[in-house]
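Enquirer: For reference, the chains in residue letters:
Protein chains: 2
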Amino acid sequence: EIAVPIAEVLKQKGIRLLLGQSVTAFERTGDATQCILSTGERLSAEIVLVGVGVRPENQLAKSAGLAVGPRGGIVVNEHMQTSDPDIYAVGDAVQTIDFVTGEPAQVPLAGPANRQGRIAADHIFGRLSRYRGTQGTAIVRVFDVVAALTGASEKTLRRLHREYRKIYVHPTHHASYYPGAEKMTLKLLFDPGDGKILGAQAVGGTGVDKRIDVIAMAIQAGMTVHDLEEAELCYAPPFGSAKDAVNMAGFVAANLCRGDHPQTPPDECVPKTPAESFVVDVRTPKEFAAGHVPGAVNIPVDELRGRLAEVPSDRPILVYCQVGQRGYLATRILLQEGRQVKNISGGFTSFQMESTAQHLA
Amino acid sequence: EIAVPIAEVLKQKGIRLLLGQSVTAFERTGDATQCILSTGERLSAEIVLVGVGVRPENQLAKSAGLAVGPRGGIVVNEHMQTSDPDIYAVGDAVQTIDFVTGEPAQVPLAGPANRQGRIAADHIFGRLSRYRGTQGTAIVRVFDVVAALTGASEKTLRRLHREYRKIYVHPTHHASYYPGAEKMTLKLLFDPGDGKILGAQAVGGTGVDKRIDVIAMAIQAGMTVHDLEEAELCYAPPFGSAKDAVNMAGFVAANLCRGDHPQTPPDECVPKTPAESFVVDVRTPKEFAAGHVPGAVNIPVDELRGRLAEVPSDRPILVYCQVGQRGYLATRILLQEGRQVKNISGGFTSFQMESTAQHLA
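Taken in sequence, the protein lines are chains S and P. Mapping the first sequence onto the numbering used here, position 52 (from 1) lands on 52, and the numbers just tick up by one. So the mapping is simple: the numbering used here equals the position in the second sequence, first residue as 1, plus 361.
Next up, chain S with everything else stripped away, as it sits in the complex (with noise of 0.2 Å):
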């Protein structure tokens, strides 16, 4: 879903993104490059440039019969010093741990290999310098959309069977009634049951790369959702706003964790809300007959006290609104009148993107 808007700007820009697809064979004609494609396709091109990732160049560490990873990385300790401890070995093609996880990782990021430098070289001259792992905090603009990651993953997570949850926020950069406010979506991976943060990624314009940075600093700091909560950022409206975009994704999981607002990740509702679930959408009509949900009952936030009676006392409902403050207030009220209610989390701007993410994967 981060990768939404990705999309959606190379579409605007004219560029045909293919998914699902892959090259499985170059052929030379003429002057072009005629690329066939996994469906059979051929595309010609002047230029092909691929990007598939990249593989430790292991070669020499191999021949000197140092131990390398499933994945090829040179193995090393926290000091860099690969199974030969005379020989150390830094940058993309070292096997290190993941700073979350505890799992081994291989991670080719600048930064990282400079901070590998830096310990080996103090190792090799007697220091106790200690590299401790990787986070993977990373950023890429596309055109004027960023997107930034630190951390973990919901596919590592889910591939280590460690318990996450996570929430959406759709903040601007900046305060909203300062010009050229830009939006961002924020989605933060915690464990529910300290709300130690795992991960965060983002995807907008400005300041993107502040709040992944950070909550990569929470990350590194071992911080809890708790903490997002009373970060205390710069804020003039230029450049916050008086309840930062970390402190609203902070305020949104602490309240998930605290169970004060009950929330359903809108992966759980697309292609279909939960069986037997009663969906009310809290926005005004004119929102509402712009877009949303399937089957989805329209209780503006503002009538719902005064309109109990519509929403039924004996099946789960969820509620949203369009980026999820409305929601939450109507999960309060809905709450405190016993009924077993979620917000969808990030409101229809998460249902809408998660729904693009399934139609184009």
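Treat the hints with caution; some may be incorrect.
To be verified - Derived coverage of chain S by chain P (criterion: at least 3 residues anywhere in the stretch with Cβ under 8 Å from a Cβ of chain P; other residues may be distant):
#1 107 to 115
#2 121 to 135
#3 201 to 215
#4 227 to 233
#5 237 to 245
No lab work stands behind these hints: they were computed from the structure. All C-beta atoms in this analysis are idealised placements derived from N, C-alpha and C, irrespective of residue type, glycine included.
Assemble chain P onto chain S, guided by the hints.
Expert: Just chain P now, kept in the frame of chain S:
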């Protein structure tokens, strides 16, 4: 010294900045207002904007018999209860605790005010939420120049007789080879013993807010300059560097803590370098010719090993370059030759900022 770029941009924009003076009276004459300065000068104005700080409106609190602090702030505990536990107070009118120093603090900021409101509400409803104190993270933009800070200032640390060290770096906000890199100055205050970060200030353009926010999180987490060395932040050329400004500040400060890189802050070199010290400018002759520290001798860093005889062994040596890196290399070379040497932190750039600051003051 951090205010110097602000003073300079005001001057560039044709604004006359009067320092060390105050307005003693206003007089109305026809449509204009006469501002009478402490120097006796009279200025005529159509509009006068008065910015003289804020004082708590504590009349209601006082008449209710609540305790107020020496600066008029309503005294509250960590749950935002006043001296009458049934009465809560939050926002600009309260006296809280300085997160870094633990001293009483009165900091009118929107972020803390918002958090205090949530904490008071929690406590009223039986939850033991606790306000951690105010770090004083703040930011201002003056035309295109941005200045921001978090944590304690030198002034505060000196007042409390708290031991600290300071370093300066002048990195670009993103990779210097990528178009549009803007320079910033980042000053870090830390405990020379354990390296704990006490405060930071930055001035520049784009990216100043991000670095102060990252360091604000580090302060909130009780992190040290060694943690800044290991920070794993977003890097792609439009956003940062493999060694980010924050990492650089960490490296320079940690090198000072470890004794690898003795440094002198620029305010110990302006207006005069310490008596008896021999000052070496390790930049190129061209840089030297364009301006240098009075009395400095020019020995470019690349020639230093071959010209050691020109550097006396019987006196303290001060070295500097443009921003600090070549000065660091020269410091290491001279240290290994047994010389008593320090690098001017932030180099000639910091020296010039400090000179201008003293000239303005």
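Enquirer: Hint by hint, say whether it matches the structure.
Expert: Outcome of the hint check:
no. : hint       : result
1   : 107 to 115 : holds (count 7)
2   : 121 to 135 : holds (count 3)
3   : 201 to 215 : holds (count 5)
4   : 227 to 233 : holds (count 6)
5   : 237 to 245 : holds (count 6)
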